[in-house]
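Model the placement of chain B on the given structure of chain A, informed by the hints.
Okay, here's what each chain looks like letter by letter:
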Amino acid sequence: MTSSFNFVSTIIAVPFIGLLFALAAKDDEKTRDRNVFNVSIFALITNLFVIWRMFALLDVSKPGLQMVERYEWLENPKISIVLGMDVFSLLLILAVHAAVLIGMFGARHNKEDGKSLMVFSLMFVGMITGFFAAADIFSFYIFFEAMLLPLFMIIGMFGGIRKQGVLARFFIYNLLGAIFLFFATVVLYNYQSANIALNEVSRVDLNIRQEIFVWAAIFISFLSRIPIWPFHYWISSISTGLRNPLVFIITNIIPLTGVYGFVRFWPKTVPGVLSYFMIILEIICVISMVFIALIGLINKDIQYKIFSFMTVGYIIYLLAAFLPTDMVLQNIGYSLFSFLIIAAGLEVLSNYLEKQQECMEISSAGILCALPRASLIFSFFVLAAIGMPLSSMFLNNFVLVADLLDKNVKMGSLVVFSLIVIAAALLQELYRLKDNTCVLPEKPCAADISARAYGVLLLICGFLLLTFVNPLWFVVRGGKL
Amino acid sequence: MIHKYIAALPEASLIIGLIVMALVNLFRKTNTPKTFYTLSKFFLAFSLLTTVLFYNRSWLPQFLENNPYTSLFKIIICIFTLTWAYLSCKWFLNKNYPSWSFYSLMLLEVLLLSLAVSSLNFVVLVIALQGAFLLNWCLIRLGDDEEKKKLGASRRFLCFALLFAALSAAGAVLLLARAGSLDYEAVYKHFSHVSKLMPVDYTAAAMMILPLLFMLGLVPFHFWYIDVIGVAVLPVGGFLTIVPLFAYVACLADIVLNAFFPVWPVFKPVLIVFGLLSVGFGVVGANSETNMRRLFGFSTLYHLGVIVLSLAAFDDNSILSGFVYMLVYVLAMSGIYTSFLGMRSKGVYLSELESVSGLSAVRPYIAAGFLVFLISLISTPPLLGFLGKLSVVNNLVIQGEYTVMLFILLAVLMLVYAYLNVIKALYFDARINTFDRVDKGVYICLTVNLILVLISILNPKYLMNDVEAMLVTIF
Chain A
1 MTSSFNFVST
11 IIAVPFIGLL
21 FALAAKDDEK
31 TRDRNVFNVS
41 IFALITNLFV
51 IWRMFALLDV
61 SKPGLQMVER
71 YEWLENPKIS
81 IVLGMDVFSL
91 LLILAVHAAV
101 LIGMFGARHN
111 KEDGKSLMVF
121 SLMFVGMITG
131 FFAAADIFSF
141 YIFFEAMLLP
151 LFMIIGMFGG
161 IRKQGVLARF
171 FIYNLLGAIF
181 LFFATVVLYN
191 YQSANIALNE
201 VSRVDLNIRQ
211 EIFVWAAIFI
221 SFLSRIPIWP
231 FHYWISSIST
241 GLRNPLVFII
251 TNIIPLTGVY
261 GFVRFWPKTV
271 PGVLSYFMII
281 LEIICVISMV
291 FIALIGLINK
301 DIQYKIFSFM
311 TVGYIIYLLA
321 AFLPTDMVLQ
331 NIGYSLFSFL
341 IIAAGLEVLS
351 NYLEKQQECM
361 EISSAGILCA
371 LPRASLIFSF
381 FVLAAIGMPL
391 SSMFLNNFVL
401 VADLLDKNVK
411 MGSLVVFSLI
421 VIAAALLQEL
431 YRLKDNTCVL
441 PEKPCAADIS
451 ARAYGVLLLI
461 CGFLLLTFVN
471 PLWFVVRGGK
481 L
Chain B
482 MIHKYIAALP
492 EASLIIGLIV
502 MALVNLFRKT
512 NTPKTFYTLS
522 KFFLAFSLLT
532 TVLFYNRSWL
542 PQFLENNPYT
552 SLFKIIICIF
562 TLTWAYLSCK
572 WFLNKNYPSW
582 SFYSLMLLEV
592 LLLSLAVSSL
602 NFVVLVIALQ
612 GAFLLNWCLI
622 RLGDDEEKKK
632 LGASRRFLCF
642 ALLFAALSAA
652 GAVLLLARAG
662 SLDYEAVYKH
672 FSHVSKLMPV
682 DYTAAAMMIL
692 PLLFMLGLVP
702 FHFWYIDVIG
712 VAVLPVGGFL
722 TIVPLFAYVA
732 CLADIVLNAF
742 FPVWPVFKPV
752 LIVFGLLSVG
762 FGVVGANSET
772 NMRRLFGFST
782 LYHLGVIVLS
792 LAAFDDNSIL
802 SGFVYMLVYV
812 LAMSGIYTSF
822 LGMRSKGVYL
832 SELESVSGLS
842 AVRPYIAAGF
852 LVFLISLIST
862 PPLLGFLGKL
872 SVVNNLVIQG
882 EYTVMLFILL
892 AVLMLVYAYL
902 NVIKALYFDA
912 RINTFDRVDK
922 GVYICLTVNL
932 ILVLISILNP
942 KYLMNDVEAM
952 LVTIF
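Protein chains in written order, with the working numbering: chain A, 1 to 481; chain B, 482 to 956.
Take these hints with a grain of salt, some might be off.
Said to hold, decoys possible - In silico DSS-like cross-links for lysine-lysine, where the CA-CA straight-line distance does not exceed 27 Å:
1) B:Lys942 <-> B:Lys905
2) B:Lys921 <-> A:Lys26
3) B:Lys921 <-> A:Lys115
Stated by the list, open to error - Short derived list, chain A residues pointing at chain B, Cβ under 10 Å:
4) Ile17
5) Lys115
6) Leu148
What the hints assert, rightly or not - Derived DEER-like restraints, expressed as beta-carbon distance ranges:
7) A:Glu75 <-> B:Asn548: 20 to 26 Å
8) B:Ile932 <-> A:Ser193: 18 to 24 Å
9) A:Glu75 <-> B:Tyr883: 21 to 27 Å
10) B:Asn548 <-> A:Ser193: 51 to 57 Å
11) B:Tyr883 <-> A:Phe5: 39 to 45 Å
12) B:Val929 <-> A:Phe5: 30 to 36 Å
13) A:Ala216 <-> B:Ile932: 35 to 41 Å
14) B:Ile932 <-> A:Pro63: 39 to 45 Å
No lab work stands behind these hints, which were simulated from the structure alone. Just so you know, even glycine gets a beta-carbon here, dropped at the ideal spot from N, CA and C.
Excised from the complex, chain A in its bound form (with noise of 0.2 Å):
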């Protein structure tokens, strides 16, 4: 099915341009910020549209990308921007832009400059759309970098971080990153003389030096992007401490480009420089899974909970990039597209559970007893958070965990082992917030998830119960609508 509509770019184009009107929005004291964001989830809205009729018209039994759109740049040096689509990016965007709206529905009512936070916001999803839908290295560096300027500006305004430094050796140590792949970047364009397509990047015959170099200079990057070791601190250092719920998710969402680097530029078969390499990355991949599950079992705090099941989750998933076959792709697609809206569903009512708990001076544990539908959410997602089968999650994480079994079964039984303890942590939280045996206050702050915020909470998880039949089961096929 082939269209001439210009999708791709549309879906890029459409945060940019709910940014512009989000950025003319007038807002004064009565209407408390309320213009902005009806004009941003109008935005988001509108691209969840474009996107449910791109997979329409998407071929998902065809391999490689489609719906291609190339763009001439530069003359010297020749530069093309290409921007395509298959299944597994239209995926992400999708769980991106639906995390985000959860996020930006949990962060309506915090007391902030809510402008800012919604047009950084856009911008953020804008540049992680064109990151996703990069299909040729230049495209695919510039939206690498460019999401880092939104994400810095949404973390330092609203995150809260109390140590500036943290944040500034944050966004170098992001920006560092980028410089390595624009590194690799420059010297694989002089090498072919051309833009080289994400996909033939593994392809390039280059002479072992050159090899050496070209490779550890992408590895970095993407791994700069990932809380593995030695890369962990910045990451949890800054996610740690954040209490906005939409700025959380954002930041959480970038481990997620790193591991969707090396989806794109791992080839299936390693060069024989890295192969040397690739038993010392897992067993650090491993470790770290290992050591975060555990840190999240012991903290306290739910955030932190929370950033460690879904660094687990990116290392699950990055361990499966590494399998030596194509078939996997599609298993982690279908599971991301819940983990990151599961995540977000957790980290939106955790906050919204953290402000009753202030508002009714109490510990939080118990909480969910004086909150029936909150509860009934929040069980739902800590439920399909460990592997219930309630979301794609379940029966793809098997497939993933069962292929890394079949690889190496050490490596195997440890993330097992993570996924167990990871599951432990969130069982636990959930234990500790409905324990019926504390006494909550009657205090007229204290309320229930709104009738209008459940029904959209209910809807999210009949979706995401359906994923568990069929994960592409709101596609409709043949492009009709």
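Relative to chain A, chain B alone:
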């Protein structure tokens, strides 16, 4: 006869402008800061128009030559001078300070820089370029704040400027003695016989090139620029940062390619060392500053270093990449200086980092503009700055200068740290000052500049193709 000299109109209009301004200053009693701006605007615009019209006609072919390369630089100089003249007028109006000296000196400097860019002969080059540079001494002394510091800085500047002017003149004399003529062509022919060259020839070439590096403010000659930028009034600081750079780089490329190219391999390592030192000193200095103007002065060192490192090979790719980087850098810096004009509290223009804390809450547009230009300066995509970085890095990879490229890329991380402090002050810190209303003109210029920075990146190939075609005429 007349048609022969019609190509002199750009320079003639500037001279007439100067005479008219002097007469108005002498005989008109009710002059306001706007009077001289209006006059200089008119004559600069006429000069710009005639430069475009007679872009390849020369009126004194023995000494001056206009070709697409020289005209490109002259047009850019005129455009940036016009813009900065407009913005400076706001400063003079706010301060109620007489503007005659500034605008007349500015017009005279543009005239001399234009002559230097077109020159085919070292006599014209030395007179025009050194004359223009010495005019900066008068510019530095403008304004009545920080008198003592200004006096000291201007004295130091004058001493070194005279020293390098003397060096340059001595170099010209040596060249004349050795090559028998001061035409670029004759000097090129002389240096082409490398086997016959003596140490004195190399000395003469060094004496011509070094003053240009001094004017650029490269390390180890950077002291004057940082010194001056810290004490000069905002219109002067902005002018010195934005405008003369184009002329110095144009002249450097011109004399290297058309006079000293046969011996350039001897000087290339020196330029690379100066470039690397500038990059290093720039990033270290920027991190040690809390005064924004000095901070950007040091960051200018970094960018100058990148420009000369890119230019060092002096082939078509180097010239294009150096030019693109320079243009992008100057666009961003003019945006930064425009934003400075919007940072005012109780009539005082702010330059300390602490004093602009929380600006984004009160003047979000100024802060947003500043942010965009900062990000453009660190060359992060998708802003125009990325185009500069791409051109330079791609050129360095073509030259095989991997170490230099990595040094530049890693040094930018340190520069980013300094810039992040500025962003932190503007966006994350609490406000401690009240900010005055910003003039509409500042907003207009900021918007135009922002549109250029934001939109040019979407489709730079049309701009780039024409620029490339004009630049190759230097060869």
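Task: Violated hints - listed by number, lowest first - done: Hints 1, 4, 8 and 10 not satisfied by this model.
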